[in-house]
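S.K.: One-letter residues, chain by chain:
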Amino acid sequence: MDLAGFLIRRFIEAIPTFFGLLVLIFLIARVMPGDPIRLALGPEATQAQIEAFRRELGLDLPLWLQFATYLQNLSRGDFGISLRTHRSVSEDLRELVPATLELVGSALLLSVVFGLPAGILSAIYRNSWIDASARLAAVSGVALPRFWVGILLQIFLAYRLGLFPIIGRSDLGVSVSQLTGFRTVDALLAGNMPAFLDAVWHLALPAFTLALPTIAQVARLVRASMIEVLGQPYILVHRAYGLPPRRIVYRFALRNSLTSTLTLIGLSFGALIENAFLVEVVFSWPGISAYGAQAVLAKDFNAVVAVTLVIGLAFLVANLIVDLLYGLLDPRVRYD
Amino acid sequence: MGLRQRLVALGIVLGIAFAQGSFTYLEGQEISTIDPAKHTDESSLHAVINMYDPLVYPRIREGLMEPGPHVAESWTSSSNGRTFTFKIRRGILFHDGSELTADDVVFSLQRMLALKKGFSWLWLGLLDPGNVRAVDRYTVVFQLNEPFAPFVSTLTQLFIVNKKLVMANLKPGPYGALGDYGEAFLANAEAGSGPYQLVRYERSTLLEMQRFPRYWGGWKPKQVERVYYRVVKEEATMRTLLASGQADMIDQWRTPQTYEALKRTPGIVVDEKPSAQLFHVQMNTQRPPLNDVRVRRAIALAFDYNTALRQIFLGAVQARGPVPLIAWQAYGVKLEDLDKYGIVAYRQDLEAARKELAAAGIRPGQVTLTYVYPEGGNIQRQVGLLLQSNLNQIGVRLNLQELPWARIVEMAASPESTPDMAAIYDTLKYPHPDSHTYGMYHPSAWGSYRTISRYSSGVVTALLERARRSTDPKEQLELYLRATGLIVKDYPSVYIANPLHRIAFRDDVKGYRYVGLLGYDVAFYDFTIER
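Protein chains in written order, with this note's numbering: chain W, 1 to 336; chain U, 1001 to 1531.
Here chain U stands alone, though its shape is the one from the complex (with noise of 0.2 Å):
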C-alpha cells in the first residue's frame, strides 16, 4: 500500500471514528445567550434546553404538550390555586457533580426574578422572590399573588441553575450581596444538570456540546454523544451541508420551496406538522373605520382563503381562531367542540362582504387602509399581495408597506402609531391556550406586536381573568373555549393560517419529535444515529 492509499485510509478511519455519536445541527440564527434566565428566541432555548433541566417537561415521549415530570417529580397544589408544592427527585447531578436540591430551584426562579429578562415576564408580578421557598431538600413551595390557571405550564421555562457554582463565579454587579448575580459567568459558561455539557461557545458560528455521562436519565447506544450546532446563515450553503452529510439536521426557518426539493433529495427526511404557530393578520379596533365590527367581517369575507393555504403556505391548516388547533388537541379538545363555541374557520364570501360594507355605510372607494409587514418577509408580502387584490373587488384599497422589524415593533407601542392592519406570526411559548388568548387579547398586554388589534371587550376580559383564576381544570378550559368563541365572532384579526412546522435531517437520524413546543423538538437526547 503506498503513501497516499495509507493516508487516504487513514483518513477513513479518523472521519469514521469523528462522526461516531456526533450530531451537526444547522442553524440560521445566532446563539444570542446561553443563559437561561436571558434566552427568548429559539436557538438560545436549543441551547439551553441540552444543557439545563427544567422544573416540569412537556410531555413529548407520548406526544403531548401538556407539562409532566422531570426536576420536579411530582406536585400537589392547593385548594385556593395559590399554593403550590413540588417534590424534586433526587440523584440528579449538576456537571460539576454536586447534587441539585430545592435551594438551586429558589435561586434559580429568584434569579430570573431579579434580572427581569428573557422568560421572566411569565412570573413578575405573580410571584414575590421571598414567596417560593424550600421547604427541605427536596421540596420547593411557591406561593402565588393570584391564581393562575397555566402556571405548571410556564414551569417549562424554568431552567435549574448550580446555586454553588454561580456564587463562586460573582462578579460585582447591581445586585447588592448577590453582585451580577452570575451574568458575566453564564454569558460564556453553563451550570446545568442536563444531558449535554458545554464545550465551545462562539456565539456567531459554532456551540458544541458532550454528553454528560452521569445524566440522571441515563445513556443508551446510539444516542447523540457530541453536538456541533453550528450558524449558517446562508440557505444554499445549508442545502449543500445537508445533502453533503456533513449536517445531520437544519432548522425549521426555511422556505416551503426549500422543503419541497429537499424532499426530493435522496437521504434526506422532510418532517411535516400543523405548528402552534398562528399566522394572522391583524386590524386595528381601535381606529376607524376599523373600529367598526361589520368592516372587519367584511375584510375577513374577502380573503381568499383557499388560495393563501395552497399556494402561499404550500399546505397549511386553515386556523381557527387566535389558539393553534394543536394547542387544544392537547388538552383533549376536538372540531365538534370548537364548533360548539363558534370556534370555526373564516371563509370567503364576496357579496356577503359587499353587504357588511354597505351596512357600516361604506361606499366603494372611500377606504384606504394600510398593511404592515416585516422586511424580507416573503409569505407575508404573497398575503398582501392576495388581500389587496381581494380587498379591491369590494372597493377597499389596501396599501402594502415593508417596514424593518424594529420599526413594527416601535410603532406596536403606542396608540397612534399602530397600524391599520399587521401580518405576522405568532408562536406558542408556553404549552397552554392562555398564551393565545389572554396574552393576545387582554388590554393589559396592549403595547406589542402581538396585540396589533388592541381588542377590548368588557365580557371577554372578564371571562380570561375568570379563567386564569379557576383552578377546576375543566372549568378553566370551558372558560378559555368560551371566550376565544366570542373573540371569533368579533373579528379582530383575519385569521389565516396555522402553518406546517417543517423540520429537514438526514434519514439515519431517528427520534425526532414536534409536539408544537418552541425549541424542545430539538433536545439531541431523544435522537438516536442509525449508522
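The following block holds chain W by itself, in its conformation from the complex (with noise of 0.2 Å):
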C-alpha cells in the first residue's frame, strides 16, 4: 500500500476515536458537579435571568437533543459561547491556540536540539565526567517542577540579571499584525526582525522551562538506545573496516537509535500541551492549556469540550506524523 493509501486508512480509523472522545468528554462536561449558570451570573441572580440564560444556552433540552445540536453546530466550526468569556470558544480558541503550539513547537525544537548531543556524547563519552555531569541534569530535570523552575529562572535570569523579559509573548510597544497567530511567523511574514527577535526572546525562558523535562528524558533516552546501538556487530565490522568514528556515529549508530526517540518526541507533543499549563501560569502566556484549567474550574462546559478536543486532535496529528517519520528513518517500515 502507499503512503495516500496509508493516510487515507488512518485518517479513516481516527474518526470513531475522535467521536468517541467528544461524546466521552460532552457528557462529562455536563455532569461534573456545579451549577455553571449560577456561577456564570453571579450570586445575585433572579430566577428570570437564571431561566433565561438556561434556555439561551440550551440547557432546558434533553442530553440528546443537546448533543444533536452541538453537532450540527460543530460541523460549521461554532463551539457555542463560553460561559466565562461571554462570546464564542471558536473565537477564544483562535487567540489562545497558535500561543500554545508556539510555546510548544519551540520547546520541542529545544528538547531536541538540547537533549540530542547530550545524549549522544553521554553515550560516546561513556562514564567520563561529561556523562556524569549530563545524567545528573537529566535526573534534575525530570525530577524538578516546572513551576519552581520557572519561577527560579524569571527571578535569577530576568529580574536580577535583566537577561530576558519577565513574563509576556511580546514587548507592550511591539505590534505585529497577526496573521497566523503565531507571534514569531507574524513578524517573520511582516518583515520586521526587531520583532521576531524579539518574540523569540520572549520565547526563551517559558519554552526553555516547559521543555526541561523532554530534554533530560530525550538525553537518557537516546543514551541508553546509543550505547544499545554501538555494541551491536555492525558497528564493530564498521569499526573493522577502519571507518572514521564520527561517521560510525552520525551514519549508522545515531539513525538506528532514533526511532524510540522519535516516538517519545512524538507522544511528548500531547503531553506538552497538558503540562504547558503551569507554565503558561507563571509567564503569563496567553495559551489554551490554562484556559481550559480556568474553564474547568467555572464549569464553562462549552469550553471545556473544546479544549479537549483540540488537544485529542493535536495527539492524533502528532501520531500521524511519527509514524510517517518513522518510514524516513528506518526503510524496513511499510506503510501496510
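Calculated from the structure, these hints are not laboratory results. Warning: the hint list may mix true and false statements.
Claimed, not checked - Covered by chain U, per the in silico footprint, the following chain W stretches (three or more residues, Cβ under 8 Å): (1) 25 to 35; (2) 62 to 70; (3) 82 to 90; (4) 150 to 156; (5) 263 to 273.
Here the structure is a predicted model, which is why all the values come from computation and not from measurement. Glycine included, every Cβ here is placed at the ideal spot set by N, Cα and C.
Put the two chains together into one complex; each comes in its own frame, and the hints tell you how they fit.
M.R.: Given below as C-alpha cells:
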C-alpha cells in the first residue's frame, strides 16, 4: 500500500476515536458537579435571569437533543458560547491555540537541540565527567517541578540579571499585524526583524522551562539506545573496516537509535500541551492550557469540550506524523 | 561614544519616553468581559469603570461611598418614592466625538434589562423597559414599579453606552429589530465616554488603554495617560514585577503574608483599610440541630475571634453583624448607634456555650456538623480548623470539606443540598446597607451562596420590605438598623471579620483611595505619578 492509502486509512480510523472522545467529554462536561448558570451570573441573579440564560444555552432541552444541536453547530466550526468570556469559544481558541502551539513547538525544538547532543556525548564518552554531568542534569530536569524552575529562572535570569523579559509574548511597545497568531511567524511575514527577535526573546524562558523534562528524557533515551546500538556487531564491522568514528556515530548508530526517541517526542507533544498549564500561568502566556483549567473550575462546559477536542486532535496528528517519520528513518517500515 | 554606549543611551531615552505617564497594573484574574451590561467580577468592573461613565459615581474624592453626581448632574424623586428624574450633564462626549444624551441613558438601561446579565438583577422586576423615558435631550425619568430605597445607589452600576455606535454595529440576534443588541460588538470594542479609550484587549493577558483627550472631566499634568492592565496569575511573578518597577500596582487578592513582605520592600507602599467585605461562617437555619437558635448561639460563643483576627487575618476589624462597618459609617452611623440596636460583635465564652447546648438538650458528642469551604481557600481552611478545635471543646464534632467553588454554588441552590455550615466572603456590590441585609436575609434571595443560612423571620422580612419602600432617608436607615439588630440576635452566621483591604503600589503613585466599593478604587483617572 502506498503513502496516500496509508494516510486515508489512518484518517478513517481516527474518526471513531474522535467521535468517542467527543461523546465522552460532552457527557462529562455536563454532569460535572456545579451549576454553571449561577456561577456565570453571580450570586444575586434572579430566577428570571437564570431561566433566560438556561434557555439561551439550550440547557432546558433533553440531553440527546443538546448533543444533536451541538453536532450540528460543530459541523459549522461553532463550539458554542463560553460562560466565562461571554463570546464564542471558537473566537477564544483562535487567539489561544497559536500561542500554545508556538510555545510547545519551541519546547520540542529545544528538546531536540539540547537533548540529542547531550545523549550522544553521554553515550560516546560513557562514564566520563561529561556523561556524569549530563546524567545529573537529566535526572534533575525530570525531577524538578516546572513551575518552581520557571519562577527561579524568572527571578535570576530575568529580574536579577535582566537578560530576559519576566512575562508575556512580546514587548508592550511591539505590535505586528496578526495573520497566523504565531508571533515569530507573523513578524517574519511582516519582514519585521526586531519584532521577530523580541518574540524569540520572550519565548526563550517559558519554552526552556517547559522543555526541561523532555530534554532530560530525550537525553537519557538517546544515551541508552546509542549505547545499545554501539555494542552491535555491525558497528564493530564498520570499525574494523576503518571508518572514521564520526561517520559511524552519525551515519549508522544515531539513525538506528532514533526510532524510540521519535516515539517519545511524538507523545511528548500532547503531554507538553497539557503540561503547558503551569508554564502559562507563571509566564502569563495566553495559552489554551491555562484557559482549559479555568474553564473546568468555572464549569464552562462548551470551553471544556472544545479544549479537550483540540488537545485530542493534537495527539492524533502528532502520532500520525511520528508514524510517517518512522518510514523516513527506517526503510524497513512499510505502510501496510 | 562607542556604538554600545550609544545603544544603551538610546535604550534609556526610549525607556523613559515609554514610561512617561504610563501605568502598569497587575491583576490575578482574567478580564472576562468589557461589556458594561455583562460585567460581574472585579477585573471586568475595572475595565468598565475606566472606559465608561456611570450615571452616578460614589463620592470617592470626599472619602465617601454614597452616590454623587456624574453623568447625572442632579436628580429629584417624587414623594411616593417611585419616580426619579435625572438631569444629564451637557457636553459629555463619547470617544467618537458625539454627545452623550438622555437617549443613550435610556438605551443603556433597556439593553441591560433585555440581556439579563451582569448587574441587571438590580432592576429586573423593579423597572419595566417602557418606564425609562427621555423627556428631552438632557432629562431622563425612571418610573419604578414599587419604591426601592437604594435605587440611586444602584445606579453606580449603570454605565452609559453610545447608542448610535452600537446601533451601527448590530449583528443578527434574538432581540428583533435590535438584533444582538451589540453583544458581539461590545465583546471586543468599547462605546463609552470614560477617561480612557480602548487600545488593545487580549482578554487573558492584557488590556491597554490610553487617555481620551476630550474627556469632560479635563486633564491635569502627571495623570496616568496610558494604562497597561496585565493579567498575571502567579503571585511570585507579581511580586517580582512590582519590585523591579515593571509594574506600578498589584491587586488586592494576594495573601496577607505577601503584603507583609511587600511592606518591607523599599519603594513599595501597602495601603491597608478595613474593607466593605464580610467574612462569615453561615449556618443553615432550616436543618436540625442548627434550626435551634440555642445551638447556633453555642457555636458563635465557642469560636475564638481574637486568634482568628490576629493570626489568620493578620489584622482585621471584627465584624458586627452582616453589614460591613464602613457601609454603616458611610451613612453617618456611629459605633454607639450600632450598640443601641444590638448590632454587636460576638465574643467567646465556652462556659456559656456549653450551657446553651445543654439547654437545647444536646449532649457532648451527639452532634456532628459539616463545614464546607472553597478549594484553595487558605483562610477559610484555617478558620475551619480553628472552629473545629473550638467546637471540640464543647463536644461538637466538625467535619471540614474542601469543595470546588462551582460545587458550593450548586449546593446552595436547593434546600436539600445546602450544607450545614459554609465559610463565605461577601463583598458589597452597591453602596448601601441593603446589600448585606435584604440581599442575604430576605427569603426571596434564597438559593445563592450568599444565603446558605436560609434565614427567615417574619418580623425581619417585614422590616426589610418597609425599609425598601421608605422614602424618608432617616426612617429608612432606622429600619435597616432595627432589622440588622434582630438578625444579629438570631445568629444565622458566625460573623467573624471585615478583613483589611490591602493593595500594594510603587511609592511614586499618588491619589489612591479606597472607600469600600468593589472596583472603584482602581480608577486610573484618579492617580498621578510623581516621577
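S.K.: What hint numbers does the structure not satisfy?
M.R.: Result: hints 2 and 5 break, sorted rising.
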